[in-house]
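> Chain by chain, the residues run as shown.
Number of protein chains: 4
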Amino acid sequence: MIKAGVVGATGYTGLELLRLLVKHPQATIHVVTSRAESGKPVADIFPGLRGEIDLCFSEHETSLLKDCDIVFFATPNATAMHQVPALLQAGLKIIDLSADFRLQDAQLWSRWYGQTHAAEELLDQAVYGLPELHREKIAKASLVANPGCYPTAVILALIPALEAGIIDPQSIIADAKSGISGAGRKAELHNNFCEASENFKAYAVPGHRHLPEICQALNTLAKKTVSLTFVPHLVPMVRGIHATVYAQLLQKKIDIQSLYEKRYKDEPFIDVMPMGSHPDTRSVRGSNYCRLAAHTSRESNTLVLLSVIDNLTKGAAGQAIQNMNIMFGLDETAGLTFPPLSP
Amino acid sequence: MIKAGVVGATGYTGLELLRLLVKHPQATIHVVTSRAESGKPVADIFPGLRGEIDLCFSEHETSLLKDCDIVFFATPNATAMHQVPALLQAGLKIIDLSADFRLQDAQLWSRWYGQTHAAEELLDQAVYGLPELHREKIAKASLVANPGCYPTAVILALIPALEAGIIDPQSIIADAKSGISGAGRKAELHNNFCEASENFKAYAVPGHRHLPEICQALNTLAKKTVSLTFVPHLVPMVRGIHATVYAQLLQKKIDIQSLYEKRYKDEPFIDVMPMGSHPDTRSVRGSNYCRLAAHTSRESNTLVLLSVIDNLTKGAAGQAIQNMNIMFGLDETAGLTFPPLSP
Amino acid sequence: MIKAGVVGATGYTGLELLRLLVKHPQATIHVVTSRAESGKPVADIFPGLRGEIDLCFSEHETSLLKDCDIVFFATPNATAMHQVPALLQAGLKIIDLSADFRLQDAQLWSRWYGQTHAAEELLDQAVYGLPELHREKIAKASLVANPGCYPTAVILALIPALEAGIIDPQSIIADAKSGISGAGRKAELHNNFCEASENFKAYAVPGHRHLPEICQALNTLAKKTVSLTFVPHLVPMVRGIHATVYAQLLQKKIDIQSLYEKRYKDEPFIDVMPMGSHPDTRSVRGSNYCRLAAHTSRESNTLVLLSVIDNLTKGAAGQAIQNMNIMFGLDETAGLTFPPLSP
Amino acid sequence: MIKAGVVGATGYTGLELLRLLVKHPQATIHVVTSRAESGKPVADIFPGLRGEIDLCFSEHETSLLKDCDIVFFATPNATAMHQVPALLQAGLKIIDLSADFRLQDAQLWSRWYGQTHAAEELLDQAVYGLPELHREKIAKASLVANPGCYPTAVILALIPALEAGIIDPQSIIADAKSGISGAGRKAELHNNFCEASENFKAYAVPGHRHLPEICQALNTLAKKTVSLTFVPHLVPMVRGIHATVYAQLLQKKIDIQSLYEKRYKDEPFIDVMPMGSHPDTRSVRGSNYCRLAAHTSRESNTLVLLSVIDNLTKGAAGQAIQNMNIMFGLDETAGLTFPPLSP
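Quick note, the sequences are listed as chains R, E, U and B, same order.
For the first sequence, our numbering begins at 1 and goes up steadily by one.
For the second sequence, our numbering begins at 344 and goes up steadily by one.
For the third sequence, our numbering begins at 687 and goes up steadily by one.
For the fourth sequence, our numbering begins at 1030 and goes up steadily by one.
You may find that some hints are simply not true.
[What the hints assert, rightly or not] Here are the simulated DSS-like pairs of lysine-lysine, each with C-alpha atoms no more than 27 Å apart in a straight line: (1) U:Lys689 - E:Lys366; (2) E:Lys608 - U:Lys726; (3) E:Lys346 - U:Lys709; (4) E:Lys608 - U:Lys709; (5) B:Lys1281 - R:Lys23; (6) U:Lys709 - R:Lys40; (7) B:Lys1294 - U:Lys910; (8) E:Lys596 - E:Lys566; (9) R:Lys3 - B:Lys1294; (10) E:Lys483 - E:Lys366; (11) E:Lys595 - E:Lys608; (12) E:Lys366 - U:Lys709.
[As the list claims (entries may be wrong)] A partial selection of chain B residues facing chain U, derived with a Cβ cut-off under 7 Å: (13) Val1234; (14) Thr1331; (15) Phe1357.
[To be verified] Beyond 10 Å from chain E on every Cβ pair, some chain R residues (computed): (16) His24; (17) Arg35; (18) Ser38; (19) Asp105; (20) Ala106; (21) Ser142; (22) His242.
Please keep in mind that the hints were generated in silico from the structure rather than gathered at the bench.
Glycine included, every Cβ here is placed at the ideal spot set by N, Cα and C.
One chain only, chain R, in its complex shape:
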């Protein structure tokens, strides 16, 4: 059994990692850290895990981490970069679910995250953990930067179109909508039930930190600098991301449905739905699937892509488990083969 550690397990991403790891057939949870709750039983904080996990939260700095085969960082940004170097040197594998190792350009990282990067030397070896793009590299990686939730939904929608060169990379608009759990397990007024319920709004229109992350991936796919307008919105629901992506078509006659089905036919977690479909977020709730549909507007010559994921699963912890499976040579779907919870 793979011995796994989870650093910062009191957030929703950490909780989702625990939910998945307690039933993983080839991994076991060795240590779970939390500064705030150190010493308390995990099941006291998360009563849904009563009977599933007997551990207490440890301090972040615990030497128990070094006994692990792999450590997941589910910490706020700018935390993992301080602890990862020592663990890598100790021979562990690391999957960082925060943004610390996602951008390959340390300057760009500094600009968006407001501080100097503390482990710039590791950016080269960090692999961006989107299996649908980098499966081989992930298999050999020691340090995987797990993608953000919005980037996962948006990039997966665009891979086939950009690889095939059928859209104008200067025309991309990603109108993305996320459930509130994307904002984290925090005591914040704007996420209070009474503020977020029966309400809908855009946020961070002038610039969201996922913008450079998405652009980095799209630039590589397009082999040039793309132009992306990215507007995130908050939906009064707990889980789910729906990205509606627009781009101008360069070719009129292409069979887009076939293009998408072909590109993803061997992907275990990508479901290209039948023509005319409208995927909904609950069809992926609690699962690691991304469901996609492609529509074209003939009059306006616009490609409209609909992409749904569960932000905590394929958008975070599920994808991290998928990456772990690849890194350890397991069946890529191990521990991830349950259907979504619906209704």
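Position chains E, U and B relative to chain R; hints supplied.
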């Protein structure tokens, strides 16, 4: 007091008309019709109106309608067109909240609504009831076609930009999100709480009936045929529409904030919010306001407009009352001067 | 016009007071205080009030308060008791929406609120502001203790039965359910949307501060010490309280429906619904109504009372306005005559 | 592998059975019937099952049913009783999730379900499928009547107290709250999102069909006729039941916490929480757990029991799988060992 009739008052639009009319200082409800509930007290169907309204529902065909000064049609599409001609001839004023008189082109109407128009001859005299565009015509009209909810949110977002000619009319994308009440008060599986709650999806991507209605208004504003991609989505909330509208800027240096503030400075129900704002739907819940914010993405040269309304108020019944006020020479805000309900 | 001050207006109760006061025909808002937001425009914190209110928040200690005719305290518990004495001496009328003056027994207050009462000498003159019980006293009062939300719903359900002596006062169980806004406008993890949504739970079963408040009123009505089991629960909705109250019937043959209708027939805000009704919280949302239904279970000889209010309106700010109206000799319904918002 | 059939699989209970069966280690889905959707792929109706199930819906009367080892009826009431006799004769095992075989008294069934029972002769052999009461009988049964959702939550709360004789069986009040999925997957106006959301109400106070079912079980436990007041309520959430059960304590000094822990210490799905706990429904969402807490109110000598289940899992399909496991001698937890989905 103006004697008002409401035809088809068992839907959410009808209920919202009743909520507004019972407290209107210069109007009184004379007759309320419903085929399904005829004979029953209105307050039995809508317990929230106990103590507010003593009427029973009448048959649709009641002669009581002819005693009214104005009749509101809150009926399904293709109903009003059969009854309106006789009422107009009897000298009444009509505000139709359905789609029957919104499109000036009967052929286009037929194509989208799947039947021949029964009162084609009235399309010329029907005025599209968006006061911010057609206030003078509304004042003189006998027949007002009350705009759809999505069109209200999208058109109000675009009026200043199109009038000023600062955007490319071939580049417009309207990504719109609506609360479930927009689907009407109906027993339909897909609107069951368990289907709609904790869920988000796009719908009608291949073509929504509000598309030609929006285009008709935008074509006039742009003085040419615009190209519009319109994608509606369902939000798990009761009330509210949020339209996120994208267009390519033709001019870089324009002061968009001033342009919007100037265009709308005398409008009682349009609130251009300060630069950088993100209007949320609950800030207009139950009120007749439309709140707007304009953002520009420098890199992509894209104008991003955020527009929120309550779909049942400014998007339907509130705007209908506003039109009634204009048609009868009342203060345009009469009966509409209450703040939104928040939280 | 009555000049009103609102102390602590950044909570939901304060916001609801502002919503009601901006449209009150005989009152005007003179000063609004908040320690945290002092100096900022009220409409910046509550965008729904843009165009409705031009004031900025003042410091709590402002001398502007003394220019008022009446001051509402919408502060956390144990705040008003420090400021009220000086304002009373200055000749103002006070309505305290917190719990400071609700219990007549200072010892009891100390036990439940964990500190010594700072204005014990005022408890005698404070009137418990439930108009349906104390209308005459309220009319003459300078200091009104506005009832808690749960007590309002529970006491109104029981008044007719206890006054008529038809139930065993040792057998009362109040199973109460509240929307999340009852917990206040605070950054607290357990009220985060993701914690409270799609969830239901009881809380404070060992003892809730509203228990002694309810008992105090019931004891007076029963003319003896009642026995009450009170269990509050949290409902994933914003507004509304539903109290389900159980008691053993002492008399079998009484016409309970008539008893309730007779007791409340002149009450402007109490709606005794027809036999067999199940009032729902949305039928009072945003309004000052309490709707009641009485059922009896023949087999078990149990009276089952269903009582719904909007916790922010009849359960807080609306009842406070009703009390103000009574204190100033206005029509008791002034500023409170709008229908609930539904759907 | 056990070959399972599901009759009436288009409801929420049926869907939940499919979700559980597709991953059951020792069972496989052989046939899925639906009159309305016959011929259509299951995954077309439930997109969340794309990739999980390849079957199409069959007619109800299909001979495929006879090839099964076990058939689950997830049909409306009064359906199974017509089909079960033939299947039993063919040697199959049956678990009926409807109410057809829950009441042992055919007269009582007739009174509550408004028709004559069509298979009265089977009532004797039908076992009420609450494993915590009837595990041995279930193991030998051919026909199991799977308990209703409310009865499961209420009976599990009361078993230890009634078995120990510590409460007055004439004093039981069950105030129960259910998510909307309990009302089924139906197109009904009162379950429309806009009717059910942001709302709370009691229903069926004069008499709910689960009342005689609960009483039947409680009578047996108490060895006398109990008196039960049962009031169900609707919570604006999809899944979950919270029963708050009140009863008068006959003995003051009993250690209730120990009593409950002892009674349930070997039960795999019953979690007696620590003293003072308030179980919430999301701690069991999607899982087969029932979590319980017992409180006592000293003043009123009342026992307050809090009991939560997922109405679709332990309250329906999960308990059915548990019963199947027992009937076939499998590990009772097979296919049910996943944690709840939270948040």
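> All the hints need checking, so say for each whether the structure fits it.
Each hint, compared with the structure:
Our distance criterion of 27 Å between C-alpha atoms is met by Lys689 (chain U) and Lys366 (chain E), whose separation comes to about 25 Å. At most 27 Å may separate the alpha-carbon atoms for a hinted pair to count; Lys608 (chain E) and Lys726 (chain U) meet this at roughly 23 Å. The suggested pairing of Lys346 (chain E) with Lys709 (chain U) holds, with an alpha-carbon distance near 25 Å, which does not exceed 27 Å. Simply put, Lys608 (chain E) and Lys709 (chain U) have alpha-carbon atoms about 23 Å apart, close enough for the 27 Å limit, and the pair holds.
For the given pair, Lys1281 (chain B) sits about 43 Å from Lys23 (chain R) by alpha-carbon distance, which is inconsistent with the 27 Å threshold. Between the alpha carbons of Lys709 (chain U) and Lys40 (chain R) the distance comes to roughly 51 Å, so the proposed pair goes past 27 Å and is violated. Distance hint between Lys1294 (chain B) and Lys910 (chain U) is unfulfilled; the C-alpha atoms sit about 44 Å from each other, more than 27 Å. Proximity of Lys596 (chain E) to Lys566 (chain E) is assessed by CA-CA distance (about 23 Å); at most 27 Å being required, the pair is judged to hold.
A distance of roughly 30 Å separates the Cα atoms of Lys3 (chain R) and Lys1294 (chain B); the hinted pair therefore is violated under the 27 Å criterion. About 25 Å separates the Cα atoms of Lys483 (chain E) and Lys366 (chain E), which keeps this hinted pair within 27 Å; it holds. Note on Lys595 (chain E) and Lys608 (chain E): the hinted pairing holds, with a Cα-Cα distance of about 23 Å set against a maximum of 27 Å. The hinted pair formed by Lys366 (chain E) and Lys709 (chain U) meets the criterion: a straight-line CA distance of about 13 Å does not exceed 27 Å.
A least Cβ separation of about 4 Å between Val1234 (chain B) and chain U falls short of the 7 Å threshold, and the interface hint therefore holds. With a least beta-carbon distance of about 5 Å to chain U, the hint placing Thr1331 (chain B) at the interface is held under the 7 Å criterion. For Phe1357 (chain B), the interface hint is violated, the least distance from its beta-carbon to any beta-carbon of chain U being 34 Å, above 7 Å. Distance to chain E confirms His24 (chain R) as a non-interface residue, since its nearest Cβ pair spans about 26 Å, more than 10 Å.
With a closest Cβ-Cβ approach of about 31 Å to chain E, Arg35 (chain R) is found to remain outside the 10 Å limit, as its non-interface label requires. Remark: the non-interface label on Ser38 (chain R) is consistent with the geometry, its nearest Cβ contact in chain E lying 33 Å away (cut-off 10 Å). With a closest Cβ-Cβ approach of about 16 Å to chain E, Asp105 (chain R) is found to remain outside the 10 Å limit, as its non-interface label requires. Non-interface status of Ala106 (chain R) relative to chain E is upheld: no Cβ of that chain comes within 10 Å, the nearest being about 21 Å off.
Listed as outside the interface, Ser142 (chain R) is consistent with that label: its C-beta sits roughly 34 Å from the nearest C-beta of chain E, beyond the 10 Å cut-off. Not every beta carbon of chain E lies more than 10 Å from that of His242 (chain R), the smallest distance being close to 5 Å; the non-interface claim is violated.
Comparing the model with each numbered hint stated earlier shows that hints 5, 6, 7, 9, 15 and 22 do not hold.
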